[in-house]
Amino acid sequence: MDKHLHTHLGSFQQALQQATTEQDIRLVYARYLGKEGMIRTAFMTALQQAAPVDKKKVGQEGNTLLQQAEQWFAERMQQWKQAVRAQELTRRVDVTWPGRAHVLGKLHPLTQVRRDIESIFAELGFSVATGPQIETEFYNFEALAMPAHHPARSLQDTFYLQGERWLLRTHTSSVQVRTMLQQKPPVRIIAPGKVYRNEDDKTHSPQFSQMEGLCVDKGITFADLKGTLLHFVHRFFGKETRIRLRASYFPFVNPGAEVDISCSLCKGQGCRTCKGTGYLEVLGCGMVDPEVFRQVGYSSYGCSGFAFGMGLDRLAMLRHGVDDLKLFFSGDLRVTEQLGS
Amino acid sequence: MKISMNWLRQLIVVPEDVTTQELAHRLTSIGLEVEEIQTIGDYIRGVVVAEVRGVRKHPTADRLRLVDVFDGHAVTQVVCGAPNVPAPESGQYVLWARPQATLPGGITLQAKEVRGVLSPGMLCSATELGLAKTAEGLLLVTAQDGAVPGMDASALAGLPDEVLTLNVTPNRPDCLGHWGVARELVVALRERGVRWKEQSSGLEENVKGKLPLSLHVEDVQACPRYLAWWLEGVHIHQSPWRTQLLLERLGIHSVSNVVDSTQLSMLLWGQPLHAFDAGKIKGSVRIRKARLGEQLVGLDGQSYDLLVEDLVVADEEGPIALAGILGGKRCAISADTTMVLLESAYFDPIGIRRTSKRLKLHTEASHRFERGTDPLAGVERAGWEAVKQVCTTAHARSYMGPWEFHPRPFQVPTLVYDPREAERLLGASIPLDQQETWLQALGCDVQSGTQEEFWLVTVPGHRLDITRAVDLIEEVGRLWGYDHIPNRLPTIASLPEERTSSQKEHEVADRARDLCMGLGLVEIQTLPFTSLRRHHLLGWRQDDPRAHLVPLHNPLREELSMLRGQLSLDLLDAVHTNQTHQRDSIRMFEIAEVFSPHATGEKPAHEQTRLAIALAGRRDMHLQKDASALMDIFDLSGILEQLLLRLGCTSWELCPALSETLPWLHPGVAGVVVDKETHQKQGEFGEVHPDLLEKMDLQGPVYVAEINLPKHVPDPARFVSLPKFPAIERDLSFFVEETKPVQDILHALYTHKPSQLVKIHVVEDYREPGRVPIGQKGLLFRLVYRSPDKTLTDEEVQQLHQALVNRLQETVTIVLRV
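Residue numbers (our numbering), protein chains in the order written: chain A, 24 to 364; chain B, 4 to 821.
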């Protein structure tokens, strides 16, 4: 009996060493130490056959042997795990191989410029307003103090639709008018959007994008306009950028001014982009003309206001150092891929 | 507007320490933007007027001659190759560049041998002096040009000069002449010592008499003021050389002494004038509206058809000028003119603009009249200036005039101005005495009093753009300088409580942009112009309303004569562009407006924001196993499904395009996006039709989609408790008719689904012959069941599943596989 148990123990130990996979090791275990395993069976038989006086001793000896066998199994498993782990750690991967990314797309540079400006002005409480691209003369010209035959109309070559009563808006200033007709002061909006002019040459595209701003409230002055624009310029072009205002003329503002910024490329030293002047023309602005207030029924509110407008295409060109406006509308994915975000 | 600095210096004193750059900078800051400063003729040094004393043949060269020139002191022999060397005593002088003279490009001349004969310097053509692009032979001058042998050529030419190019805004016609610009400088640079020069008044003495012809202003509305002078015994010839040069560098073509006189006066005062050959005028002159069918042959030789709205100057035979725009050929000044009728008038700007615009005839005169000239002093001064010029340069024997036709005297506005209002608008305090000084220097009459709060300001005739107190604020503001106004941020009193619908739509479009970017699409922007012919590439039938586009009244050209009704074509063009750049994976989108003709309502077109997507080529550019796999329709539908999901369009779904005609898409690989709540079509998608691929020279397959965008972004989601119990899956495998869309099965399943069915996966579509009956396809769905309350038992799931399958079989003919 004892001999049997020992024989089985010996062959269990041997079999454990010979088994190399987890499954084999567990099979060996089942064969010897499972419910019906040889060692367990031999032990039970020995226990049954033992004389009553020996039973305790046989039982103790057998348990010790069983514990010994269990330990061998545990050790073998541990040994096996270590071997597997060691094997696993020999694995080598070239981590410089191109990754399996889901490749993201990109947004058009004009979209990015627009959003950046929207968020700068959002901090100042300006909300976005939009309007139709097909407009009437009223919203695009008349309400902006440009009645028929006003000479300023010749500055904006207009696309008319059949019948000439409707047109493609030449600026997003039409959104000013729509907004003021819809709501009472105070007003604080920016109006981004596409606008159209009947011109097509090296530096002009018949479609371009504008951002118009309007702030109307009690006590608004030219100083508020300057402060607002200076803040914008600092945030968009960098805080070292300087601005210069010079008198200009837009029929719907009075006084009106053009804003130049110190050239972002040459830092005001003079270069090709700024034509040697050290300054770049970036936007037009002014105090809302009383005639506009009259047209939209604001005259009695005792308000004043400022308005400004800028070309997003020009800002994008300056930001990215693009000198051909038409690249933005070429549909060439290489452009967006280079400049987009 | 081009301004000569030499001319300005005749009008104003500019201290030596005030540079042209400073003048230009100041002009720019007060609203007269200086776009360019050109220096002209500063390189011509050492060139003198010389008289030809003798001409001989060159001993060895046939084309060369030896010319003896006299410079007032001595005679020198110069070698010359020009064909037009004047004969001695012809009265014509040559310009001799002596040794050490400098010419354009900084060339310094040396005495050198020409074919064996020493030539000290050379005789110059206009090209060699840098005064013309081309020239035939030598530049010749005469005593009438003021030339005297030995005189410096630069001095004779009135050079060097600096020319400022000003961008004059439409509200400032007064600065379309040198006088107006001089006035601005006197006002703006007073502290720097810039002031008016004393001007000699010259004539300006009315000479009364009877006008030798009768003249009537019939349309006093269109011509409120008309002044005429009569000059006799004029001699027509070219203007002096220096005048010609001056006009040319100011952009005006020199014609003759009389015509140039009117031009010079215009360039001084900003008031256009016209000189008629009085000898050619037939009968009386009328300033009237044109008659139906009348024509005018202009000085430019073109014939213009006139309408009854056009103002003309006419004699008994018809129009002799298009008033304020263009003179007629018939009564133009010519070489034999001896009598001149000189016109200086104020024409109504609107009428001039209307006619000029219609005839596309933009002239120096119309440019000024349509902006509004000075109807008061300006008309008179300019007329007198021209009379003076004609008398001097054309040696008129006598003049008479002016006769004035001024039926309704002009009322200049007197404005009530509160100078403290300037601070309320500008946010800067400008001293009152400073304001008063400026307004007076601009020509306003200011009655300020001492106690009064308000000033009475009367505006001069050259500043009729000033009509309101706010215009006076602009004047003091621009002179104060906007750079001197402090910077302040406006305080916020209140903000809108909710977003507008347009704001929401703006948000949706931007959300869609972000989603497209996340789905691997690159954004492009294209132009919205197209042509009918191009639009019809899409294959429209004529009775399809989508075949029609919104036309532009004044397109740039035929190919851009319509507003697009769809974005797809522009994306396909972009696909083509990128394919020619050998790009093998194209994934792009555009969000823009499309336009369609509006059958009803006042607006001629409907505009709508759409999103379009195009895919072509490989799925991915990375070096993965499936790198070379081409994208297919499911790449497109997958993108659309994600977009609709994430834009909150839960009721929009992709459906087969059964009855829909989408002629630009492959009939078998096309679908529409339908809102199943409203049954409205919201878009279409599919593979581009092979015919269109061929027409557009595209490498297929190409996939396009174009969809509407929802009105607002989805509301925030409500939380549903997370599942606590395990899910159990059941497969559903069956054969169904090959043409049956998966969507129908899904619909049927969703319609009858028990609440415990939480997910349906479409796993497989197999059609291998032998495995599947002919005309059928095998489909495998995986259904996921889960209860929120407990762990479902196998029996429960089996019951639910069987009930659902039974309901499915009632709706759709399927053969279950075991």
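Simulated from the structure, these hints should not be mistaken for laboratory data. As the structure is a prediction and not an experimental result, all values here were calculated from the model. Don't take every hint at face value.
As the list claims (entries may be wrong) - DSSO-like cross-link-like pairs, simulated, lysine-lysine; straight-line CA separation at most 27 Å:
1. Lys5/B <-> Lys360/B
2. Lys136/B <-> Lys115/B
3. Lys79/A <-> Lys104/A
4. Lys349/A <-> Lys241/A
5. Lys507/B <-> Lys217/A
6. Lys211/B <-> Lys285/B
7. Lys780/B <-> Lys727/B
8. Lys756/B <-> Lys714/B
9. Lys217/A <-> Lys606/B
10. Lys5/B <-> Lys507/B
11. Lys290/A <-> Lys241/A
12. Lys793/B <-> Lys762/B
13. Lys727/B <-> Lys225/A
14. Lys225/A <-> Lys292/B
15. Lys283/B <-> Lys391/B
16. Lys60/B <-> Lys5/B
17. Lys762/B <-> Lys679/B
18. Lys213/B <-> Lys225/A
19. Lys298/A <-> Lys136/B
20. Lys5/B <-> Lys298/A
21. Lys391/B <-> Lys507/B
22. Lys727/B <-> Lys684/B
23. Lys207/A <-> Lys714/B
24. Lys104/A <-> Lys26/A
25. Lys679/B <-> Lys507/B
26. Lys698/B <-> Lys762/B
27. Lys679/B <-> Lys756/B
28. Lys292/B <-> Lys349/A
29. Lys285/B <-> Lys213/B
30. Lys391/B <-> Lys213/B
31. Lys743/B <-> Lys780/B
32. Lys225/A <-> Lys60/B
33. Lys213/B <-> Lys292/B
34. Lys200/B <-> Lys363/B
35. Lys217/A <-> Lys714/B
36. Lys507/B <-> Lys207/A
Stated by the list, open to error - Which bits of chain B does chain A cover? Going by a derived footprint, with three or more residues having C-beta under 8 Å, they are:
37. 159–167
38. 343–356
39. 500–508
40. 525–532
A virtual CB, placed ideally from N, CA and C, is assigned to each residue, including glycine.
Verification of the supplied hints:
no.: 1; hint: Lys5/B <-> Lys360/B; in the structure: holds (23 Å)
no.: 2; hint: Lys136/B <-> Lys115/B; in the structure: holds (26 Å)
no.: 3; hint: Lys79/A <-> Lys104/A; in the structure: violated (37 Å)
no.: 4; hint: Lys349/A <-> Lys241/A; in the structure: violated (42 Å)
no.: 5; hint: Lys507/B <-> Lys217/A; in the structure: holds (18 Å)
no.: 6; hint: Lys211/B <-> Lys285/B; in the structure: holds (23 Å)
no.: 7; hint: Lys780/B <-> Lys727/B; in the structure: violated (37 Å)
no.: 8; hint: Lys756/B <-> Lys714/B; in the structure: violated (31 Å)
no.: 9; hint: Lys217/A <-> Lys606/B; in the structure: holds (19 Å)
no.: 10; hint: Lys5/B <-> Lys507/B; in the structure: violated (50 Å)
no.: 11; hint: Lys290/A <-> Lys241/A; in the structure: violated (37 Å)
no.: 12; hint: Lys793/B <-> Lys762/B; in the structure: holds (17 Å)
no.: 13; hint: Lys727/B <-> Lys225/A; in the structure: violated (66 Å)
no.: 14; hint: Lys225/A <-> Lys292/B; in the structure: violated (41 Å)
no.: 15; hint: Lys283/B <-> Lys391/B; in the structure: holds (23 Å)
no.: 16; hint: Lys60/B <-> Lys5/B; in the structure: violated (45 Å)
no.: 17; hint: Lys762/B <-> Lys679/B; in the structure: holds (20 Å)
no.: 18; hint: Lys213/B <-> Lys225/A; in the structure: violated (58 Å)
no.: 19; hint: Lys298/A <-> Lys136/B; in the structure: holds (25 Å)
no.: 20; hint: Lys5/B <-> Lys298/A; in the structure: holds (19 Å)
no.: 21; hint: Lys391/B <-> Lys507/B; in the structure: violated (68 Å)
no.: 22; hint: Lys727/B <-> Lys684/B; in the structure: violated (40 Å)
no.: 23; hint: Lys207/A <-> Lys714/B; in the structure: holds (25 Å)
no.: 24; hint: Lys104/A <-> Lys26/A; in the structure: violated (32 Å)
no.: 25; hint: Lys679/B <-> Lys507/B; in the structure: holds (23 Å)
no.: 26; hint: Lys698/B <-> Lys762/B; in the structure: violated (44 Å)
no.: 27; hint: Lys679/B <-> Lys756/B; in the structure: holds (19 Å)
no.: 28; hint: Lys292/B <-> Lys349/A; in the structure: violated (46 Å)
no.: 29; hint: Lys285/B <-> Lys213/B; in the structure: holds (17 Å)
no.: 30; hint: Lys391/B <-> Lys213/B; in the structure: holds (20 Å)
no.: 31; hint: Lys743/B <-> Lys780/B; in the structure: holds (9 Å)
no.: 32; hint: Lys225/A <-> Lys60/B; in the structure: violated (53 Å)
no.: 33; hint: Lys213/B <-> Lys292/B; in the structure: holds (26 Å)
no.: 34; hint: Lys200/B <-> Lys363/B; in the structure: violated (40 Å)
no.: 35; hint: Lys217/A <-> Lys714/B; in the structure: holds (20 Å)
no.: 36; hint: Lys507/B <-> Lys207/A; in the structure: holds (20 Å)
no.: 37; hint: 159–167; in the structure: violated (count 0)
no.: 38; hint: 343–356; in the structure: holds (count 3)
no.: 39; hint: 500–508; in the structure: holds (count 5)
no.: 40; hint: 525–532; in the structure: holds (count 8)
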